[in-house]
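Undergrad: For the protein sequence lines, the chains are V and A, in the order given.
Just so we're aligned: 102 in the working numbering is position 102 of the first sequence, and the numbers increase by one with no gaps anywhere.
To convert a position in the second sequence, counted from 1, into the working numbering, add 1000.
To be clear, the hints were calculated from the coordinates, so they are not data collected in a lab.
Ideal Cβ placement from N, Cα and C applies to all residues, glycine included.
Check each hint, because a few of them may be wrong.
[Said to hold, decoys possible] Facing chain V, from chain A, some residues (calculated, C-beta under 10 Å):
#1 R1148
#2 P1151
#3 E1157
#4 G1159
#5 E1596
#6 E1599
#7 V1602
#8 Y1631
#9 G1632
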Amino acid sequence: MHHDVAQSRQDIKHVADAAKLNEALDSLNRIILGKAVQIRLCVACMMAGGHLLIEDIPGVGKTTLAHALARILGLSYQRIQFTSDLLPADITGVSVYDREQAAFRFHPGPIFSNLVLADEVNRATPKTQSALLEAMEEGQVTADGETFGLPQPFFVVATQNPTYQIGTFPLPESQLDRFLMRIQLGYPGPAMERELLRGDDRRALLARSRPAASPELIQQMQKKVTTVFASEALLDYLQSIVRYTRQHTDYESGLSPRAAISLLRASQAWALLHQREAVLPEDIQAVLPAVVGHRLRPRQEAAGREPDQIGRDLLEAVPIP
Amino acid sequence: MDNGSAQLERLGWSAAAIVVSVGPHLPRMPAWVSLLTLGCVAWRLAAAFRGWPTAWRWLRMILAGMVFVGVYMTYGTINGIEAGSALLIVMMDMKMLETARRRDFQVLMFICYFLVMAQMLFEPAMWTLAYMIVSVFVTTVALLQVVREAPPLPPREAGRLVSRMLVYATPLMLALFLLFPRIPGPFWAMPARSGSASTGLDDQMSPGSINALSLSDDVAFRVTFDGEAPPARLRYWRGPVFHQFDGASWREASRMPMWRSRVTPQGTPIRYRITLEPHDRPWLLALDYPESWSGVRGYLTFDYKLVARRPVEQLSSYEVISYPGAIVDPDISEWVRSWSLQLPEGRNPRTAALARRFRSQYASDRELVSAVLNRFSKEEFVYTLRPPSLIGAHPVDEFMFDTRRGFCEHYASSFAVLMRAVGIPARVVTGYQGGQFNPINGQLTVRQSDAHAWAEIWLPGEGWVRLDPTAAVAPERIERGLLDAVSTADAAPGLVFRRIPILQRLSESWDAIDSAWNEWVLGYGPDQQIALLRNFGVGNPDWRWLVAAMAGTLAALLAGLAAWLAWRYRPPRLDEVQRLYQSFLDRLQNSGLHREPWEGPVDFCHRAVKQKPAHEGAIRRITTSYVLLRYGPRRSQAELDRMRKLLGSFRP
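Next up, chain A with everything else stripped away, as it sits in the complex (with noise of 0.2 Å):
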């Protein structure tokens, strides 16, 4: 049935659509998986330009079992969707080398659907999307020429009628994707994937850690402020706290206790929404200090983070109620004050020399911190981004007494030291301080480069209190953000560019874009739905009322297509005459008799007459008519009542 030019052509076809679903995925496979598929597709071209016959069965057997373990031994299973994918790809390799049939490219092809899907596991961006339609469109281009009866499309009448086809699936596809339900819960979760690199705060700190962190220009998440924003001098964004000092990490509590704490409402709240990038650790972020959130499932833990039940893998959204007046453990246990007061023995001599003198040189508390800001800020100290590094044995000494360059952990911890050395409970807490608005959607937007440590103290009747050393350092860091408090060599490409006003525009919009994308696209969850639905006055919509909707607007829409296509196609008009005509074939077909759509009306009649010789009068008169009416010069209505005439008493 088939020559071999268009054999071919479907096998380019094929080849198409698969360089296009499984290109992305290679450069997250092992490189033999991109050998094996290149391999194959060129093999099963040569074979088909060459005619050479497809490989014997047992080697293909023999193969596909060695793929098969291949994956299994690269990844060491075969779940996860990294795995799922890499063996989805060698299967489809597998099947190209036996493709002939018109339903093997199909189910290649079917296969071809499920990579570009799996696409969106790996990369849920944007862009990935625009080339997931790129991809759509190629792939059903090449399923309509492969199960075609006929010999292949010319590739522009092929195009067309396939934008056609995905023109009239979108409002199926927004149905879908606006109704189907959304329920909460780790079922429609991603699966986890393995060894990912995101960026974000780590569990524990060390000089050069956060600084790292500044370089890089990633969002950490957005935040919608419901009524007035704070000042930036307020806007601490508290992240993993740490107790546990070796003499140059800091580490979270070792035995971590298991109370949980609640915040008293004092002075204003702040309101807010964030939309939280996924970076693979259970803490939230949240201004100080959290008093209620929803749209996650968190606890506050005792040193007031908030976290979540699950490691944040996927974009989340959430609402936080802050109250930044609120005083905060005024009474600490005796536990919780041993833990703020560790410090090794031993080590950073020199920085406890420091506290004692200043001990005796300062009865209260507070006026010895403001001694030791003051000397981070009239002393020779800098705020770098690239600080020496510390290499001995006692990096709080060196830097405080030798470097004296350092980035806000060095600050922080050495401050903590201090604290903690004359007897002041302390503890750092790293998070992100400010943001930067984005006047074209009024979000404000925290970047990897805004994180930050910072330091707290516990004073007897007013708990913990925030203190910034890095603020008596650079205060230009917290007034106006990170870029105004370095100098431009030091800071990260990305940030340069936000000097230059038009790119600053640029990518302001971008961000907007992004952002919405995050909010309506991939947190399109139960929320979201139920708000969107709200808007068309629906109350509250259970699974049962989705699923409905969602059926009952499918077939809304396929029926509006169909009556679409319907109206399109419409057969035209029929006039007086052929009415009539249809009235007198609709009587004979009663009686047995069918015209065929192309049987001409001299034909039939002659046909009818000898079927009907007893109505042979009858049926030659109203042909007549028919025909005179029809394909005559003249179109008499005298005609025409005649031929009504007859028909009236026409009971064949």
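Chain V with its partners taken away, still in its complex shape (with noise of 0.2 Å):
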């Protein structure tokens, strides 16, 4: 159906470009094995610009998905591990007093890539946690009252235990807020997993791959999805929903003008990647469980309830108008 779509559109030049997306979105899931969903999501996240959590238990390949991602995508890559004792300074940076000049140097800390991997990001105390949000929040870093504008496109993928995990500061809402969307892994499939198994070692494959695209390219992408149309129809459709949460006493509080915009924007991003050039509302239901699913609280908790339950049950509730 979106080939019919594609067809009725001119811009050769956006058809390259997406299909050069496309070509590294199969590289990755050659890496990643059955996570086709989870990957094109982490892609759109960063076309709209924003920034990703992925929350799952341990060594379901939270780590390796960013590690491909920054190699296939072409981007500069760090990797933090939060710890209980990580300071603020040892994500942003510090400034050293250099005998020679006789004046502080700065030494720009892990965060100044492309694609930041923060990983257990609840491990850390809250005020390492905040330092780290602040430069996701305001692309660049503050130190001895100078300004270090970060890398662009500039992306964190933070890695979350859950939170019944001991040892851990679960981010507060106001924080979660801050990210784009938030994804799960899940366990690979029973033929996942014994391809997994029987394959080569993973970073082995890694290190092989070719990148794909180069942070121009993303850039590019990011400017272009903000122009990706979404008609009234559909923005009648994201207000319904919106207006559903806010209305609907099933969830603590509604959704914020800015997890509204974050949710087009997602949209748009997603639209993109189909080679679109306007937002069906099939684009909003593809994202919405990701882009909500951490900012809505239903009221009543459920135990054993999937983790995109929220999403889908706010999208079963709301009619396309």
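With the hints as a guide, dock the two chains, each given alone in a separate frame, to form the complex.
TA: See below:
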């Protein structure tokens, strides 16, 4: 179906760029097995200029995913392992006195990369967490009264252990809102797991693969995302979703205007990934569970509910106008 | 399904509703009912806070039995509105103890509604209505909170929702009030209350009894005159008439003759409507002499007293035509004559001696009467609200010769005694005199403080003649009312306030409002209902007509409300594109393929193609057109035409 829509467009360059991204998606799918939807969401999140939160138990390939993203998209990569004794300066960098020049010199921290993996972000103290989140929000770091811009594109992938594990400082809701999406990886299917067991080491595979995109291409696509057309009818649908969360008493609080914008950007990125020039209700539906899952808290926490269930329930409650 | 805090909140709301609905009943209840209510609410809240288990089942059973017996022992019955409300309250307390599930809360709230209504049976006043509206609001909020599946709403939100519900309910309530068939008769009457203390005239009179009444500022009745109102000196409102005198007190004739009187119209009639406050006695007040009356079932006794068939326990309204110039009883029977001359042996000897002296001086009855009245006005008699008490065996003597300070009953009584002693038949009449016009609604308001006593004597050929010795002593009492006749220090506080103009104005406004409330709310009976419907051109509605009208009005109101809500929450108007797509969906629906409301067009297209592979091409093309037209950046007429054409030949 979407091929038909694509046919109605004339922008060949656009198609070519998107084709490059599809190539990147294919490479990623070869490294991370059986997670096509999550990988597409990661790329969409990046193109929408948002940051990503991956929440899952250890060992399902969170770190590998982040590393693969950086590698295939041709981005510089740094990994920060968050621990309870990590200090803000360990992330942003420190000013060190230079004896020769008789002045302080700023040594940039690991945050100065295109893609930063903040591993187990909820193990650090709130103070350190907020240093990261401030940098995410402002795209810059201020040290000793001097402002240092972060490289563009700048993309944080934070991983988080489920909050019931011991030794964690759960991120407050206001900071969760800074992440455009939250995804879960989950266990691989049996066939995929078998392939994982038989196949090569993922790290070696990663080392062998070549970048399929560049920071420039990503930035270009980020600009293009905001121009993807959203019709009145689509905005009606988006607003009725948002209104539903505000009026309905199932939720502690409704979606914020920032969440509404995030939902629109993510949908636009998703549409662009499918080489469409307009957003469809299906685009909203595809990204919504990842965009609202960490922002909405149902009043009655049902035990054993799947993490995406909140989003799916919401979608089934709101008719498409 | 519940967490503790939601349950606590439900309990809190229920407790609030209980306090609001039971509160006004408690002053009427025995102390143990109040204590029980407080105890049960407090225990239930504490139990919820501390997580105590609910009281044991057998303990609750025993307690319920005990309170039942308690109510029975307090009132001697479990019937009647007082015992009934007490029983309702204590049973609600018992229910509170075991409240856990949603249904229990619901039952509790329904009892609260009942108690809110019961308040009107005790205090049918305007402020009760205001309080009832507040109580219904609180109870409805509580009901809303306790029956919700989801956790309770924030108070403001719940309040807004309930306000809206009550506003929607108001027209229905008004329709029910105005159109519910009002059938006259005891079936609709309020059950009698035991031991209520209404103020009003008594069935006997002794020195000081009217004096006590004159301290009350309560309204006795209100009068609307049809035509010109009679002047103050003619406004004698007749109440109980006394024939029997024991030396100190006056009573009604002990053997009441069974015959009824009739008044022959003579002179100019006065037409008026009286709205009488309940006073728990059968007599109805009327101007001398009532010829005919309507709106009440009553009769005229042999002494021209208008009496209802049952005690006046609710506000009653009736119309009377009186003839002040009528001559009544030009001849009287020996019976009446002997009652009207009866005096106890050996009492009040000095008065008897005075009477003998008068008799020897004047031969004509008329001259004798004016001589007696002269004596009252010329000699040192004082009209006062605080007469010295007469405690001796000869109270009339004491008053006539020693104290000479008295209120109307002293004058009326001693005058009648004097008349009887000289051989003129005489009796004492009590009632009200005067009244005050309210400039706002033109009504005459007669208060308890207007209570009065005067005398009637019988003269051959003239019949019964009214003579008011108070008029001889204090003419201003008759012309301008009690307030001008007595000193400020003597009068009731309510009376004194009326000397201040602004307070007078306020009091008049309040009186007008109160009167309208009486007439249109409390007194809204069959007559008012018919009068109201007549304004709308309905001739003579019977109860069948009323039931039909009520059902019709309710149905119309509900339909109107439904229509308004449907309009308010109407679906947005479909434009051409949506209409075409809807027809596409309708056709697929008819062939057994249903699109869920949340299903996007592309997803639905995939599903439809899978189920109807024969129409794959058409379904894809129509969906593409729809998506381009509805979500695409450009909306071309050509695409719309294409979609219309595709749809024209689409037959799944």
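Undergrad: Please go over all the hints and tell whether each is borne out by the structure.
TA: Quick rundown of the hints versus the structure:
1. Hint status for R1148 of chain A: holds, given a least beta-carbon distance of 8 Å to chain V, under 10 Å.
2. About 6 Å separates the beta-carbon of P1151 of chain A from the nearest beta-carbon of chain V, less than 10 Å, and the hint is met.
3. The restraint placing E1157 of chain A at the interface with chain V holds, with a minimum CB-CB distance near 8 Å, inside the 10 Å limit.
4. Annotation: interface hint on G1159 of chain A violated; nearest CB of chain V at approximately 15 Å, more than 10 Å.
5. With a least beta-carbon distance of about 8 Å to chain V, the hint placing E1596 of chain A at the interface is held under the 10 Å criterion.
6. Contact between E1599 of chain A and chain V, as hinted, is supported at the beta carbon level, the nearest pair being about 7 Å apart and thus within 10 Å.
7. Evaluation of the V1602 of chain A hint against chain V yields a held restraint, the C-beta minimum of about 5 Å falling below 10 Å.
8. At a threshold of 10 Å, the smallest CB-CB gap from Y1631 of chain A to chain V is about 5 Å, leaving the interface hint in force.
9. The beta carbon of G1632 of chain A comes within 5 Å of a beta carbon in chain V, closer than 10 Å, and the hint placing it at the interface holds.
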